[in-house]
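**Q** Make a model of the complete structure from these sequences and hints.
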Amino acid sequence: MAWLYLIIGGLLEVGWALGLSYSDGFTKIGVVIPTLILMALSFFCFSKALSVLPVSTAYAVFTGFGAFGTAAVGMLFLGDEVSILKIFFVITLITCIMGLKFISNKPEREEVN
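Here the numbering used here runs 31 ahead of the position in the sequence shown, where the first position is 1.
None of these hints come from the bench; they were simulated from the model. Note that beta-carbon positions come from the ideal geometry of N, C-alpha and C, so glycine has one too.
Computed beta-carbon distance windows for the label pairs: (1) 119 <-> 60: 35 to 41 Å; (2) 109 <-> 85: 31 to 37 Å; (3) 34 <-> 58: 35 to 41 Å; (4) 61 <-> 126: 35 to 41 Å.
Simulated pairs of lysine to any residue, SDA-like, Cα-Cα distance not exceeding 25 Å: (5) 132 <-> 34; (6) 132 <-> 87; (7) 132 <-> 42; (8) 117 <-> 95; (9) 117 <-> 104; (10) 79 <-> 129; (11) 79 <-> 125; (12) 132 <-> 33; (13) 132 <-> 39; (14) 79 <-> 48; (15) 132 <-> 95; (16) 132 <-> 99; (17) 117 <-> 46; (18) 132 <-> 91.
**A** Structure below.
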């Protein structure tokens, strides 16, 4: 369940990162409010994952999913520059994130409710 929380938190990070870019420095209240909600939900999911996973792995995966998702959305839907090198590095990023999951040999702590 901790990994699911972490993935959801990372995906929500994409939403609030995009919201920040559209908020014009927090001047558009109609964008700011959903952005803050997404931010709170993202960090809630991250904190739930931290009750079980080691912080070093969890933080790397959390920010990595956010960075990967934001780059992908930017290239696919927002007209960000697409290049072979950019695609290569985004794929490398997600591969490294998956590697952290697979090599994490520290036993997970029991979840604290």
